[in-house]
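Participant: These protein sequence lines are chains F and X, in that order. For the first sequence, counting from 1, position 247 maps to 247 in our numbering; every step adds exactly one. Just add 350 to wherever you are in the second sequence, counting from 1, and you've got our numbering.
Keep in mind that the hints were calculated from the coordinates and are not lab data. The structure presented is a predicted model; accordingly, all values stated were derived computationally and were not measured. The reader is advised that the hints may include incorrect statements.
[To be verified] So the derived label-pair ranges between C-beta atoms look like this:
#	chain 1	residue 1	chain 2	residue 2	range
1	F	Lys303	X	Lys678	21 to 31 Å
2	X	Asn610	F	Gln284	16 to 26 Å
3	F	Gln259	X	Lys397	50 to 60 Å
4	X	Glu638	F	Gln259	21 to 31 Å
5	F	Gln259	X	His443	30 to 40 Å
6	X	Ile608	F	Gln284	26 to 36 Å
[To be verified] Straight-line alpha carbon distances no greater than 27 Å define the calculated DSSO-like cross-link-like pairs of lysine-lysine that follow:
#	chain 1	residue 1	chain 2	residue 2
7	F	Lys338	F	Lys2
8	F	Lys261	X	Lys678
9	X	Lys650	F	Lys338
10	X	Lys414	X	Lys365
11	F	Lys303	X	Lys653
12	F	Lys108	F	Lys54
13	X	Lys611	F	Lys328
14	X	Lys404	X	Lys387
15	X	Lys696	F	Lys300
16	F	Lys346	X	Lys650
17	X	Lys674	X	Lys352
18	F	Lys346	X	Lys611
19	X	Lys688	F	Lys261
20	F	Lys300	X	Lys688
21	F	Lys261	X	Lys679
22	F	Lys346	F	Lys328
23	X	Lys653	F	Lys338
24	F	Lys324	X	Lys611
25	X	Lys611	F	Lys329
26	X	Lys653	F	Lys346
27	X	Lys674	F	Lys261
28	F	Lys303	X	Lys696
29	X	Lys696	F	Lys346
30	F	Lys54	F	Lys38
31	F	Lys338	X	Lys611
32	X	Lys696	X	Lys365
33	F	Lys261	X	Lys696
34	X	Lys688	F	Lys303
Using N, Cα and C, we set each Cβ at its ideal position, and we do this for glycine too.
Protein chains: 2
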Amino acid sequence: MKIDDLINNSGQWLKGCGDHSDIVMSSRIRLARNLAKKPFPNKAKKKELTEILKVIQDTVNTIKLFKDFLFIRMSELDSVDKQLLVERHLMSHDHATHSDGKAVLISKEEVVSVMVNEEDHLRLQFMNSGLDLDRTWEIANSFDDALSELLEFAYSVSWGYLTACPTNTGTAMRGSVMLHLPALVMTKQINKVLAAVAKLSFASRGFYGEGTQAIGNFYQISNQVSLGHSEIEVIQNINGLIGQIIEQEEQARQALVIQNKPMLEDKIFRSYGVLRNAHIISSQETVELLSMVRLGADLKIIKDVDRHAINQLLIMIQPAHLQKIEGKKLSASERDIKRACVIREKLGGK
Amino acid sequence: MKIDDLINNSGQWLKGCGDHSDIVMSSRIRLARNLAKKPFPNKAKKKELTEILKVIQDTVNTIKLFKDFLFIRMSELDSVDKQLLVERHLMSHDHATHSDGKAVLISKEEVVSVMVNEEDHLRLQFMNSGLDLDRTWEIANSFDDALSELLEFAYSVSWGYLTACPTNTGTAMRGSVMLHLPALVMTKQINKVLAAVAKLSFASRGFYGEGTQAIGNFYQISNQVSLGHSEIEVIQNINGLIGQIIEQEEQARQALVIQNKPMLEDKIFRSYGVLRNAHIISSQETVELLSMVRLGADLKIIKDVDRHAINQLLIMIQPAHLQKIEGKKLSASERDIKRACVIREKLGGK
Chain F
1 MKIDDLINNS
11 GQWLKGCGDH
21 SDIVMSSRIR
31 LARNLAKKPF
41 PNKAKKKELT
51 EILKVIQDTV
61 NTIKLFKDFL
71 FIRMSELDSV
81 DKQLLVERHL
91 MSHDHATHSD
101 GKAVLISKEE
111 VVSVMVNEED
121 HLRLQFMNSG
131 LDLDRTWEIA
141 NSFDDALSEL
151 LEFAYSVSWG
161 YLTACPTNTG
171 TAMRGSVMLH
181 LPALVMTKQI
191 NKVLAAVAKL
201 SFASRGFYGE
211 GTQAIGNFYQ
221 ISNQVSLGHS
231 EIEVIQNING
241 LIGQIIEQEE
251 QARQALVIQN
261 KPMLEDKIFR
271 SYGVLRNAHI
281 ISSQETVELL
291 SMVRLGADLK
301 IIKDVDRHAI
311 NQLLIMIQPA
321 HLQKIEGKKL
331 SASERDIKRA
341 CVIREKLGGK
Chain X
351 MKIDDLINNS
361 GQWLKGCGDH
371 SDIVMSSRIR
381 LARNLAKKPF
391 PNKAKKKELT
401 EILKVIQDTV
411 NTIKLFKDFL
421 FIRMSELDSV
431 DKQLLVERHL
441 MSHDHATHSD
451 GKAVLISKEE
461 VVSVMVNEED
471 HLRLQFMNSG
481 LDLDRTWEIA
491 NSFDDALSEL
501 LEFAYSVSWG
511 YLTACPTNTG
521 TAMRGSVMLH
531 LPALVMTKQI
541 NKVLAAVAKL
551 SFASRGFYGE
561 GTQAIGNFYQ
571 ISNQVSLGHS
581 EIEVIQNING
591 LIGQIIEQEE
601 QARQALVIQN
611 KPMLEDKIFR
621 SYGVLRNAHI
631 ISSQETVELL
641 SMVRLGADLK
651 IIKDVDRHAI
661 NQLLIMIQPA
671 HLQKIEGKKL
681 SASERDIKRA
691 CVIREKLGGK
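Required output: the full structure, derived from the provided sequences and hints.
Facilitator: Encoded structure:
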């Protein structure tokens, strides 16, 4: 498997299947781990980072679970390839900025990815389609167990796993769920929901990760607190909260269908029509229109589009993807044309 | 032929054929005539109007050219039927407001229509597709000749035909041409063109007639002066002016294609996409989008729509037409839904 092969496939988390996949796009578990007695990456010298990377590489090479993983050193990648991995949610923006001693490991179908020497020595990410934190946690746990057998992690009996940033200390686990909440937005209930989320000490972010605004009605909800509760407790808390949000979104969708079907059909089909016909389109407009088309598919108002295609498009329409597809650098206005072209092909437009 | 049959067919002037039919939608000749020694309609009493109507009806019944014409008394029509005739450009708003002694005659394919007792005793209208004022004038002339043989018209050797409004005195002829000028609008040259039109003493109006604003880039250009020139001279003048406008629109279209094709394709296909997918749409938005689709068809950017369908839609999306198609009264918001439905059917949308 090579980095270029990624483009032609989609991550398992985009398949649009699994529990509540009409509202829950994907579930994600992230673990932070650091090697004992080694400086955190931001304090380590270049040589130390290289040594840490070697230890980790040698270790994963002996672990069966990591068989067939793509192992990529940041220093081997050009800026477009780096951006491609960021766009696929396989690594962070920060991980792309300095290359020294950094690498990323990616499993088939992108369920598992590991950043080496980002903020922590190891940042393990596990992603699945639909609402599936429990099974995702099981996978995460098995990888953590396998690594723990061979690596000594920085751990304190009183504090739990030690991490570069104290907010991650404890379980060093973050569970998050990507939600699509168009009806709560359209019925103007979203701010109430997000206020409740914040009050319960959960964080909400946009589709394109930390620091991004919510566009296209996508909201990623994750736990803030990782200290003082077991992983299972944290996941139960998230599941409880997400269950309530799902119920509210379902009710809002029902209300829209019953009270304002023509308006809903109009919005959905216009969005579909524009996506299938535009020849120049920005990513912001695309995501907003895709959101409406996804709602249309979920409500069976549009019958010939599936969620998988829409989810894939959310990834494919980003700059690095468009440039990889085209096979060359593209200016912003060239990308707007290429984006429209990719969308029309995918959705069978003109 | 009945009034309800009109809906299922389109006027010949909407066929989208004839000279320069990419830019010139239709050509129209209007003649005003009054019976000698009878008061103009605005001065005539109800009884006089009825007598005038009877004279005209008896006369046309003996003229072969009027065979198969639909003869409709205003008093026989409900408000929707009246509005239907206005929407089809077969009679004026004014003609619909008071019914006394008023009638309208309509030929097959709506090439000829005659208002009896509107502002003048006879208002004859002749419409054809494309730029075709010469042939349209020949048709008008033959009808005028046939009527003149049997009716004495109010005529002065020094003033020509006498009419209720002095601006029509003389030839009492108005020639007009409906133009579609999207490229002149998009390249912001239209105001310069309209200023020149006004300076040359021609009038410009919107698609929906006198007193309407230009929407959808449609402009109806007609002569203001009907005194002091023969009909042939007036038509030559109009043809000269229209020829120049056509040339400018053609140049502007070429410039757009060469300089900004992606923007043009985007605008055109988005319009097409919205029309084929909207479920609620106003008439204003419809006309604007149809204008872009018409341009797309004319430039062969859209290949599967013909001008005839677009021209027909410009008529069909109006309130009375929608209500006749539906077979019942519709509120404004019900019409917006029905309009979208009619458009989707016609353009093969979702």
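Participant: For the pair supplied as a hint, Lys54/F and Lys38/F, confirm whether the alpha-carbon distance does not exceed 27 Å.
Facilitator: Holds, at roughly 13 Å.
Participant: What's the verdict on Lys261/F and Lys678/X, does the C-alpha distance respect the 27 Å limit or exceed it?
Facilitator: Since the Cα atoms of Lys261/F and Lys678/X sit roughly 22 Å apart, the hinted pair holds (cutoff 27 Å).
Participant: Hey, Lys346/F versus Lys611/X, does the alpha-carbon distance stay inside 27 Å?
Facilitator: 22 Å, holds
Participant: Lys303/F and Lys653/X were given as a pair; does the straight-line alpha-carbon distance stay at or below 27 Å?
Facilitator: The given pair, whose Cα atoms are some 26 Å apart, holds under the 27 Å limit.
Participant: Keeping to a limit of 27 Å between CA atoms, is the pair of Lys674/X and Lys352/X held or broken?
Facilitator: Roughly 13 Å between the alpha carbons, so the hint for Lys674/X and Lys352/X holds.
Participant: Between the alpha carbons of Lys261/F and Lys696/X, is the straight-line distance 27 Å or under?
Facilitator: Roughly 22 Å separates the two Cα atoms, so the pair holds.
Participant: Taking 27 Å as the top limit, are the C-alpha atoms of Lys696/X and Lys346/F close enough?
Facilitator: This hinted pair holds, its Cα atoms lying about 26 Å apart.
Participant: Does the structure keep Lys303/F and Lys696/X at a Cα separation of 27 Å or less?
Facilitator: Cα-Cα ~21 Å, so holds.
Participant: Does Lys338/F pair with Lys2/F here, judged by a C-alpha cut-off of 27 Å?
Facilitator: 24 Å, holds
Participant: So does Asn610/X sit 16 to 26 Å from Gln284/F, Cβ to Cβ?
Facilitator: Given about 22 Å between the Cβ atoms, the range holds.
Participant: With a cut-off of 27 Å on the C-alpha distance, tell me whether Lys404/X and Lys387/X pass.
Facilitator: 16 Å, holds
Participant: Would you check the hint for Lys688/X and Lys261/F, treating anything up to 27 Å between C-alpha atoms as holding?
Facilitator: Satisfied, since the Cα-Cα distance of roughly 14 Å is no more than 27 Å.
This entry satisfies every hint, going by the numbered hints stated previously.
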